[in-house]
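Asks: Here are the chains, one letter per residue:
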Amino acid sequence: MPKQIYDVVVIGTGAGGGMAIHALCQAGAKVCALNGGRRLDPHKDFRNHKQPYDLPFRGLGDPKKRKDYIGYMDNEYTEGIWEHDIAFTTAPGTVWTWRRCFAVGGKTNFWGRSSARFSDIDFKAASRDGYDVDWPITYEEIAPYYTRVERMIGVASTVQNRPSNPDGEYLPPMNFRCMDCILESGAKKIGIPYLPDRIAQLTRSHAGHPACHYCGNCTDGCDTGSFFSTPWFFLPAAEKSGNLEIRTNALAKNILTDENGHAAGVAYVDRNTKQEIEVYGRAVVVAASCVESARILLNSKSRHWPDGIANSSGQVGRNLCDHLYGTTARGYLPQLLGQPSFPDNVSASTVAWLPRWQNLENPKQEKFIRGYSVYPDGGCAGFPYYAGQLEGFGRDFKREIKRRYPTPVSFYIQAPTQRSDSNYVSIDPAVKDIYGIPAARISFAWDENTLLMWEHGKQACEDLLRASGAEYLGAGEIDIPGTSLHETGTCRMGNDPKRFVTNHFGQTHDVPNLYICDASVFPNCTDKTTTISILAFALRTTEYLIENRKT
Amino acid sequence: MANQSPDRRQILAMLAKVATLSQFPGFSRWVCATENTSAVSTRPSTYKPSFFTPAEYEIVDKVSDLILPADDSPGAHDAGVAEFIDFMVAHDDELQYPFRTGLAWLNAFAFEKEGKNFSQLSLEQHEALLRKLAFRSQQAPTEVPGQEFFALIRKYTVLGYYTSRIGLEALDYPGLRLYSASPECPHRDDPEHKHLPAPRV
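From first to last, the protein sequence lines stand for chains A and B. Residues 1 to 551, numbered by our numbering, are exactly what the first sequence covers, in order. Residues 1 to 201, numbered by our numbering, are exactly what the second sequence covers, in order.
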């Protein structure tokens with residue numbers, strides 16, 4: 001039997017892989033998609049309409065399993081979804097939490113939905129402040145792809161005319177809640193922006209998908225598909241086209257090469273049978289997410305590629321960046337004491353944000369370079385976490401819990417790290433995962449610039465609380481590196497093949513039929529989230545791949 | 001639709017209703033939100049604790065109801081908080097020793113102060129004992145184990161109550177409903193919220 005050769009093998013079905021699959025199948029290419037985990041059934045696996053009292057441990061989780069939960073999204077509501085079996089290691093001194101979703105659709109099933117475009121202030125940052133390199137692409141080149149992505153997925157926001165935040169095509173914004181109005185008034189007094197976030201959550205029905213019903217539990221998965229995820233938005237049509245075969249529980253191990261060192265397909269482990277299987281394609285798209293993509297390339301050693309495929313530059317795995325996340329300030333709004341409860345929680349903290357306001361006109365205005373953004377959170381949430389801070393018991397205690405219910409407010413910073421030689425992904429020389437695949441090892445620490453942003457952010461948010469008439473209760477802690485899920489930079493794009501892994505189209509310099517469609521190609525992290533940019537860049541990469549097939 | 005649980009069908013019905021209501025601009029934007037009407041699970045009248053002894057369980061039930069009593073909403077006893085605590089302690093090895101010794105300490109404390117078991121005391125006596133453990137101004141350095149136990153049982157009472165339907169309804173938790181439009185601040189003419197109506201609570 002002649003071996004089957006697909007037009008393209010795509011590793012991963014998240015934002016980047018899903019977009020590649022979508023564009024390829026629409027163009028008539030035969031695609032085999034490898035996915036490391038299972039398919040999810042929204043009606044069984046998404047418990048977003050369960051109340052705590054519907055779950056045995058009220059959402060707190062079985063104490064015997066709780067210690068294995070990875071961060072706040074991994075909990076009793078999402079049990080059985082996040083990946084726990086595939087090992088990774090950390091270099092001495094590195095602390096890293098790594099919440100991976102290997103289910104079909106990957107993290108798009110549960111993402112935070114903030115969807116701001118990158119800008120020329122991001123792409124040309126090096127020219128402005130002298131650190132590192134510019135991106136090999138301009139805003140003008142990528143803007144049309146952002147527009148097309150926004151039309152596909154639906155993003156709610158307003159036109160804001162801010163230099164670092166180009167405006168797009170938006171659905172009506174989420175409405176401001178009481179806390180937003182109060183904080184917006186305070187922000188005006190101290191001259192920082194408080195605006196509707198760009199949020200991929202459908203404020204009206206869009207492209208055949210129903211409007212949001214504001215249950216507030218997006219990060220448990222959406223059973224109506226009212227925010228973008230590839231299983232709701234891309235994969236059904238791709239499968240219907242007859243051009244797509246998704247292989248689930250297919251853990252990509254390495255890229256196969258032909259006699260010229262070009263990509264010939266992918267070897268993967270079937271997690272059910274533990275068998276190694278090869279699948280062949282005329283081109284390969286790697287979209288396994290930043291760290292996994294680097295791991296696959298580094299594990300793809302051959303006669304042609306002794307240090308890993310597409311790694312003649314030695315840059316695969318290097319330049320790992322992340323967002324520093326942490327609670328910069330907590331307080332409460334006395335204006336709302338004793339007021340009726342209000343559905344503040346319904347958008348899971350994505351109504352508003354404080355887009356980057358630092359170093360815009362003058363790139364060296366602050367003690368740090370670049371900038372950060374901040375997300376506010378608060379109001380009537382499910383559980384009154386502040387109760388532990390109150391003294392006493394009885395009717396007074398209960399009344400005080402109720403009285404304070406609408407008042408809590410906090411801020412969460414999103415501060416990018418800058419590339420450095422000491423932050424990178426390598427292959428652990430000793431440790432293999434349960435399928436015998438050498439494990440990724442992460443070396444990472446916050447850099448000084450990012451920590452200066454954290455200090456700046458704490459002061460700004462304290463100032464904002466005070467200007468808003470709030471009681472300031474102090475700052476919180478910096479989260480563990482890896483919390484944000486916004487890793488970038490292990491396969492950076494750039495024009496020089498000696499210094500960068502891919503060209504500006506996301507095609508690897510070394511291997512012309514090997515493309516990368518995830519945040520690993522981003523030269524650095526910005527103050528914005530990554531998903532909409534992964535989608536826009538992946539669309540551009542995939543259309544370039546399609547053009548190349550024709551010639 | 002046959003394979004869907006009643007739960008699932010109910011949610012779909014709610015979503016349909018929300019979608020229908022949202023067609024009518026005359027409706028107020030989110031006041032029409034549909035109530036989630038799933039029944040409160042009925043509690044057997046006699047609960048058999050799986051970790052606590054009957055005597056211990058009686059104290060847990062009593063103390064939790066002292067911490068969050070009935071007022072204009074039902075209290076911890078009605079919300080089944082003692083059952084929740086028994087369930088959590090039975091499943092959590094690290095809680096078992098502190099609860100067992102803490103309950104014994106509390107009973108001994110009652111005996112020392114009032115000459116009776118905790119369960120035999122009056123409401124006033126219960127409240128007086130707990131005040132000594134709860135308020136910094138009344139805490140004695142010799143009673144640290146009791147203060148720690150009180151903090152522990154209060155924490156689990158709050159957890160159990162405000163994750164129950166009764167407790168979430170007491171807060172008027174907005175997540176018990178769905179909404180046809182993004183909820184909007186009703187006081188847009190008062191952005192700083194300096195002139196709100198008098199507090200309800």
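Keep in mind that the hints were calculated from the coordinates and are not lab data. Don't be surprised by glycine CBs; every beta carbon is placed ideally from N, CA and C. Possibly wrong hints are sitting among the right ones.
[Claimed, not checked] As a list, the in silico DSS-like pairs of lysine-lysine whose alpha-carbon atoms are at most 30 Å apart: (1) B:Lys132 to A:Lys124; (2) B:Lys62 to B:Lys48; (3) A:Lys458 to B:Lys194; (4) A:Lys188 to B:Lys194; (5) B:Lys62 to A:Lys189; (6) A:Lys402 to B:Lys116; (7) B:Lys48 to A:Lys64; (8) B:Lys155 to B:Lys62; (9) B:Lys48 to A:Lys67; (10) B:Lys113 to A:Lys402; (11) B:Lys132 to A:Lys50; (12) B:Lys155 to A:Lys64; (13) B:Lys132 to A:Lys402; (14) A:Lys367 to A:Lys65; (15) B:Lys132 to A:Lys65; (16) A:Lys367 to A:Lys124; (17) B:Lys194 to A:Lys65; (18) A:Lys64 to B:Lys62.
[Stated by the list, open to error] Far from chain B, by Cβ distances over 10 Å, these chain A residues were calculated: (19) Asp62; (20) Val95; (21) Thr97; (22) Lys107; (23) Asp180; (24) Glu184; (25) Leu256; (26) Asn272; (27) Arg303; (28) Asp344; (29) Glu391; (30) Phe397; (31) Ser410; (32) Glu471; (33) Asn495; (34) Arg499.
Asks: Hint by hint, say whether it matches the structure.
Replies: Cross-check of the supplied hints:
1. B:Lys132 to A:Lys124: Violated, at about 64 Å.
2. B:Lys62 to B:Lys48: 16 Å, holds
3. A:Lys458 to B:Lys194: Distance of about 26 Å is within 30 Å: holds.
4. A:Lys188 to B:Lys194: Roughly 16 Å between the alpha carbons, so the hint for Lys188 (chain A) and Lys194 (chain B) holds.
5. B:Lys62 to A:Lys189: 50 Å, violated
6. A:Lys402 to B:Lys116: 35 Å, violated
7. B:Lys48 to A:Lys64: Since the Cα atoms of Lys48 (chain B) and Lys64 (chain A) sit roughly 23 Å apart, the hinted pair holds (cutoff 30 Å).
8. B:Lys155 to B:Lys62: 15 Å, holds
9. B:Lys48 to A:Lys67: Judged against 30 Å, a Cα distance of about 29 Å means the pair holds.
10. B:Lys113 to A:Lys402: At roughly 33 Å apart (the allowed maximum being 30 Å), Lys402 (chain A) and Lys113 (chain B) break the hint.
11. B:Lys132 to A:Lys50: 39 Å, violated
12. B:Lys155 to A:Lys64: 19 Å, holds
13. B:Lys132 to A:Lys402: 24 Å, holds
14. A:Lys367 to A:Lys65: 44 Å, violated
15. B:Lys132 to A:Lys65: Violated - the C-alpha atoms of Lys65 (chain A) and Lys132 (chain B) are around 36 Å apart, more than 30 Å.
16. A:Lys367 to A:Lys124: 19 Å, holds
17. B:Lys194 to A:Lys65: 47 Å, violated
18. A:Lys64 to B:Lys62: The hint holds at about 28 Å.
19. Asp62: 6 Å, violated
20. Val95: Holds: least Cβ distance 24 Å, greater than 10 Å.
21. Thr97: 22 Å, holds
22. Lys107: 23 Å, holds
23. Asp180: About 7 Å separates Asp180 (chain A) from the closest Cβ of chain B, which leaves it inside 10 Å; violated.
24. Glu184: Not fine: 7 Å to the nearest Cβ puts Glu184 (chain A) too close to chain B.
25. Leu256: 41 Å, holds
26. Asn272: 24 Å, holds
27. Arg303: The assertion about Arg303 (chain A) holds, with a minimum of 53 Å to chain B.
28. Asp344: 7 Å, violated
29. Glu391: Answer for Glu391 (chain A): violated, closest chain B Cβ roughly 6 Å.
30. Phe397: 7 Å, violated
31. Ser410: Answer for Ser410 (chain A): holds, closest chain B Cβ roughly 18 Å.
32. Glu471: 14 Å, holds
33. Asn495: 44 Å, holds
34. Arg499: The assertion about Arg499 (chain A) holds, with a minimum of 46 Å to chain B.
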